[in-house]
Amino acid sequence: MNIKVLGTGCANCKSLEKATYSAVAELGIDASIEKVEDITKIMAYGIMRTPGLVIDEKVVLSGRIPGMTELKEIISKSV
Amino acid sequence: MKPVFLKSRNGQILLPLLLLPFWFLIYHYLQPFTNYLVYNAFGMTKGTQLADALWFFLFEFPKVMLLLTLIIFFVGIIRTFFTPERTRKALEGRKTFTGNVMAASLGIVTPFCSCSAIPLFLGFVESGVPLGVTFSFLIAAPMINEVAIILLYGMFGWKVAVIYVGTGLAIAITAGWVIGILKLEKWVEPWVYETHLGNSGLADETLIFTKRIKLGYEAVREIVGKVWVYVALGILVGAGAHGYVPEAFMASLMGKSVWYSIPLSIIIGIPLYSNAAGIVPIVSVLIEKGASLGTALAFMMSVIGLSLPEMIILRKVLKMPLILTFIGIVGLGIMIVGYLFNYIF
Chain S
0 MNIKVLGTGC
10 ANCKSLEKAT
20 YSAVAELGID
30 ASIEKVEDIT
40 KIMAYGIMRT
50 PGLVIDEKVV
60 LSGRIPGMTE
70 LKEIISKSV
Chain F
0 MKPVFLKSRN
10 GQILLPLLLL
20 PFWFLIYHYL
30 QPFTNYLVYN
40 AFGMTKGTQL
50 ADALWFFLFE
60 FPKVMLLLTL
70 IIFFVGIIRT
80 FFTPERTRKA
90 LEGRKTFTGN
100 VMAASLGIVT
110 PFCSCSAIPL
120 FLGFVESGVP
130 LGVTFSFLIA
140 APMINEVAII
150 LLYGMFGWKV
160 AVIYVGTGLA
170 IAITAGWVIG
180 ILKLEKWVEP
190 WVYETHLGNS
200 GLADETLIFT
210 KRIKLGYEAV
220 REIVGKVWVY
230 VALGILVGAG
240 AHGYVPEAFM
250 ASLMGKSVWY
260 SIPLSIIIGI
270 PLYSNAAGIV
280 PIVSVLIEKG
290 ASLGTALAFM
300 MSVIGLSLPE
310 MIILRKVLKM
320 PLILTFIGIV
330 GLGIMIVGYL
340 FNYIF
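Sequences listed follow chains S and F, in order. Residue numbering for the first sequence follows numbering that gives the first Met the number 0, starting at 0 and increasing by one per position. Residue numbering for the second sequence follows numbering that gives the first Met the number 0, starting at 0 and increasing by one per position.
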């Protein structure tokens, strides 16, 4: 599975990226994680609030950092 | 053993209700408690510089944190009803003045972080929200936010808070309206109009109420977790000045009789960057030491509303003349507000 963290480099985006790495590690899922910082690419996903989370090209979250439990739930639901 | 209901779904509603009486008790007894702590337990003499400074910090810091926690929790719940997506939909195709009024008002309640200014700007402009209306939103959103309102209420009372909201709205509406009339679309970077706005496919979910309460908690955790440092620093500086800076020290610099103090405060305020949490305690001490209300408010609006980092972010989508026009119009608005208040009060 492919996970993308959308964000232009603000503090929230970095903490979501970090949280995603630990969530994936804790769940033991085989996933590639990418950071998308190009604003035109971010806009193509149609979100207006960063950070955004995209799993297999589907936007699953935008504008907030979920708690660890919720983040793991979101990721494991998309497996 | 924890009562079972606290873990159930209803527990999320019951818990804040149970904590509320404690909140009121602490808030109510904070002043006598601080008095006891400083003058009895520490045995300090009332009126000495150190005692005054310490008292100011020990009283103001918990008071502001209590107010912040409570209000941000409720505002966090209210905000779940106002997403930028919905705001955009409400503003699409709106004509000038009504659109500006709506955008400025929605700017107060729609969650906004300056790091999201670019995607938000693109999202608005792409979907046909007029440029001037978008600006009304971009001016109101950072300047009039819940943290600013709570702090102003906590340190100055409700009158100043209402004045701030009212004048802030007036500036956001007028500045956006003027930018709309001037037709400055030519100063928007051309790639903005070429950007393709995708469809996120995120359903506009109707949240169940317990989920909204959970998001209220999250807002408290996120916002209070971020701003408490600024509040502490602001109040620390405030406490130092409260105790050690002589009365009327600011009168000769930011007093009513100094006519150029307002434009000067605005210019000094632009490169200074702080959120409301850090600046309000400092402004409260400026006033205490003789600065006039109009000048202090102008300084505060300039620091929060005209921030250099945000201009740098916006430079990606706006050409320099538009940024300068934006600073000029908002600065002029703030100046009028400053002189108006110095004249009235």
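Rather than coming from a laboratory, the hints here were simulated on the basis of the structure. One thing to keep in mind: the hints can contain errors.
So the derived list for chain F, only partly shown, Cβ under 7 Å to chain S, looks like this [what the hints assert, rightly or not]:
{"hint": "1", "residue": "Ala116"}
{"hint": "2", "residue": "Pro118"}
{"hint": "3", "residue": "Ser126"}
{"hint": "4", "residue": "Leu201"}
Glycine included, C-beta positions come from ideal geometry on N, C-alpha and C.
Hint check results:
At its closest, the beta carbon of F:Ala116 sits 10 Å from a beta carbon of chain S; the interface hint therefore is violated under the 7 Å criterion. For F:Pro118, the interface hint holds, since its Cβ comes within 7 Å of a Cβ in chain S; the closest pair sits about 5 Å apart. Against a cut-off of 7 Å between C-beta atoms, the interface hint on F:Ser126 is violated, since the closest Cβ of chain S lies about 9 Å away. Hint on F:Leu201 holds. Least Cβ distance to chain S is approximately 5 Å, under the 7 Å limit.
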